[in-house]
Amino acid sequence: MSVLPKQAVKAPSPPPARPAPPGHYLEVKNLSVHYGETQALFEVSFGTEKNTVLALIGPSGCGKSTLIKAVNRILELTPGARIDGDVLIEDESIFGQKVDLISLRQRVGMVFQRPNPFPKSIYDNVAYGLRIHGVKDRSTVDDVVEWALKHSALWDEVKDRLRTSALELSGGQQQRLCIARALAVQPDVLLMDEPCSALDPIATGKIEELIMSLKQDYTILVVTHNMQQAARVSDHTALMWLGKLIEHNRTEEVFTNPKEKITEDYITGRSG
Amino acid sequence: MSQEPESKPPGEPAAKRDELPSGREGHTPDFSPAEVQRRLRHPVSFFRRTREHLIEGGVFLCGVASILAISLIFIFLFREGLQALRMVDTPLDFVYSMGVQLEYDAGIDDVVAVGEAPQLAWQPVSEEPKLSMIPLMWGSLGVALLASLLSTLAGIGVGIFLSELASPRLRGVVKPMLELLVGIPTVVIGFVMLAIVAQPLRQVAEAIGLSGVYGSTYNMFVGAVGVSIVIIPVIGSLVDDALRAVPDDLRAASLGVGATRWQTTWRVVLPTGVSGVFGAVILGFGRALGETMIVLMCAGNAAQITGNPFDSVRTMTAAIASEMGAAQVGGVHAQTLFLVGAILITITFLLNLTMELVVNRFRRKIRL
Amino acid sequence: MTDEARQSIETARRKVTGKTKAPLWAVLFESLVRGITGAVILVLFFLMGTILVRGGGQITPEFLLQAPRDGMTAGGIFPAIMGTFFVVLFMIVMALPLGVFGAVYMVEYSKGGIMSRIIRAAVNNLAGVPSIVFGLFGLGFFVLFVGRNLDHHIYGVPRTAEEVQAVQAEMAPLQAEAREEAINLADERGITDPAELDAFVEAYVEEQTPPVPRTVFGQGAMFWAAATLAILVLPFIIVATEEALRAVPPSTREAAYGLGATRWQVISTVVLPQAKPGILTGAILAVARGAGELAPILFVGVTFFTPGLPLTEPVNFGLFSVPVVNPFEEFMHLNYHIYTMATQHHDPIGTRGIQFGTTLVLVALTFVMNLMAIVLRRRYSKKS
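These protein sequence lines are chains X, C and H, in that order. Residue numbers for the first sequence follow the numbering used here, so the first one is 1 and each next one is one higher. Residue numbers for the second sequence follow the numbering used here, so the first one is 1 and each next one is one higher. Residue numbers for the third sequence follow the numbering used here, so the first one is 1 and each next one is one higher.
Any given hint might turn out to be false.
[To be verified] Now the in silico label distances, taken between C-beta atoms and shown as ranges:
hint	chain 1	residue 1	chain 2	residue 2	range
1	C	Pro91	H	Ser381	47 to 55 Å
2	H	Leu150	C	Gly330	16 to 24 Å
3	C	Gln328	X	Gly36	55 to 63 Å
4	X	Glu76	C	Ser45	18 to 26 Å
[Said to hold, decoys possible] Chain X is nowhere near these chain H residues, computed Cβ spacing over 12 Å in every case:
hint	residue
5	Val27
6	Gly35
7	Asn184
8	Pro210
To be clear, the hints were calculated from the coordinates, so they are not data collected in a lab. In this text, all values refer to a predicted model and were calculated from it rather than measured experimentally. Cβ atoms here follow ideal geometry from the backbone N, Cα and C, with glycine treated the same way.
Isolated chain X, as found in the complex (with noise of 0.2 Å):
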């Protein structure tokens, strides 16, 4: 697989004007969330850097979900949902006093379990983020749409129907569009909430290999039941248990070396 000239497309960012900051990238302290009376999750912490993929493990309900939608505080959108701890991104709270969450969800990406284009153009689906922000001239939104369905690996598919709705594209064709949606604002960290679990074993292939390729530019999060995908994608793992983070390293040592009782059972099939 050619990896995308990145480069070219994208200018290489400027060296950082100060040094590197001492924690994480994006760091997770001590965050719990509660539904009404029932916690989903148990102060989990952990950090990860940029430019890497980090995969939540898990089986289904053990709070990686919601872990990822606290990660650009789309979870407040939850009636009920009661958030506390807090989450940094280059040292700086998300839940702070000066944060502004429309800023925040632009620099934080989500593509959801589910592909969600609008019932939309597949263009008006990935200039929508652009429009909304003001970005509106034509020569510059053009431009985007057609970077970012190249960056989605999808502009081949689509660059002759760019005015054709967003619904008629196949399941995995539909959820590149979304991940094309969300890199069109251009995010630094992308949230991604089981993006295969709606697909088929070749649009999930594809959205992987797309995956290990955004990983030059972004910084990714995603949430898998697939430990495979996990194994395959990510260069660190986290597994969650019933709301709590179980164990978390690089992905060679989870799967090959687990620390933890239940990871070993976990990735090893006899639970979860």
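Dock chains C and H against the given chain X, drawing on the hints supplied.
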């Protein structure tokens, strides 16, 4: 992925030119993501924030509008209606009034006054206005009960048909027809009853030997039949909804132990959906009580207390509709009509409340 | 296996597979239920058929395009058609934004909070209010309260008996003075005939004293009727919109929020466009409903006869100037026309033709709108 995005097959972009709105060919975009990022990552402007707040405020006001409307309705009806209480000596004037009691004296072969007796009469425009609301309430109750009786039976039948008997196809035809029936303006139903149905109905009644009791061509019964036409589809539709809300596994369970379709409907579906059906009936009763034009046009509009369903009656709604236009605003008659309206809305409010409670119970039961 | 056992198994099997003959009462009951439903449908056809047959012959261009004449025994119903059209138009213009955004508040902002529960209770109760009560409310609130107060504050029209007295007290000296002047003037001019003198004095007094304030808003008017009807249909629009909004999958909302859209952007660019067909269906039903009601507007502006549509003085639009509909006048209405012609005309039997013709026009209007809504909803629900 395996394809380099820049290496476009030549000669193909003709179609694509239409696709990209700016009409440029699909070259590698020569934009800088950093620049786009800079344009996107501006702090949310004061203008946008303010606009968001203004819109939220406006939307909130629209949300409050219905609360405001129902409150104002109650306030203004009672405000006007309670003035009537101040205009009469005692609130009992709205129950009965003293009138000359006449008695037949055989000696002189004429009626003579023998004293005063309480009378239940609604004669608001006579010399001495008699404002007893009892005849109006009697009329309203009579029409509503009669109409409810007719339309409950028929409505439940229609509901059972739709939910238990009809094929999806037939249902898809019948249900819209019921909606069309509900959509017919009540004036039209009142008019057709008045112009076409009432007279033949009388002839039929006389033919079957009811001429002795068939008091007036326009009477409580004709009014109730007219009201039923409006209410049957409403009850039918609601009963259908209630019965369809009964989980299918209950039906399957019943059929599975060997019950026939009718045993299932009768012993399982109806008892489970009974509170929903009950809610539908209460709603129908409320509608019948509030129906105006049909009873105004076909029930004879004579304010009297009668036990005969074939006599004319005037309902509370008909009294308001027919008398308000001529009543002097601010006078005791007009204010009394407002009071009648206030009583009417209180009754329907209580009925709604009852229905809400019943239907909530039904929902809880279904969830079990 | 004994014969007995075989027999009982056979019976059980037949029962389970439903091949037993239904008992008589079940058959009767089933046919009763079918019969009732058939009868109800027949009623619909009977109503439609009668109206079509009796009213059909009445529909001529003259009937549709002219005003009634000859004591309402001839001519057409044009003012009533236009009156109905405009009152419903004003109604939906008022009710639609209120209803749609009211529902938006419940579904998108309050989200099952205490406010949305209160609103729901209000909407349910509003839907249950008898239509004649809306009529009383329209009269008591819009005409007597809002209208009279507007008149009072803008034109100085007295509202209460005391104010009427005050105005009269103010006018009395002026009138007396003018009268005296008039008598002197008449003397000078040599008017002696008592009748002539009276007329002269009256005319002079009227000319010299300030005009008596005229009621503008404090009377039945199309605008108040439309406002009353708007409240009547508000719950229907809210419920329809609410359903349409809830049918928009939460995932699309999440997608938009995830891209950093503000709440209003999510609503205006994603939610409302998707809910549009449902809202439209609700609006059409509301219009049909509004056009079919008479009781709410009975005291708020409908009238037996106007020669045409109430119009204002020509309004200048730059290139041309045309009169526009004056919403502060009384108006004719199809429903009221049917009602009064059938019950209050001096010859209700002789004008049955006009009554059926009017009924046909009204039924056709509401029927078409209801049908549109049904078709639209069906297409919409099939799609999603």
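Query raised in the report: Looking at the structure, which of the earlier hints fail to hold?
Result: Violated: none.
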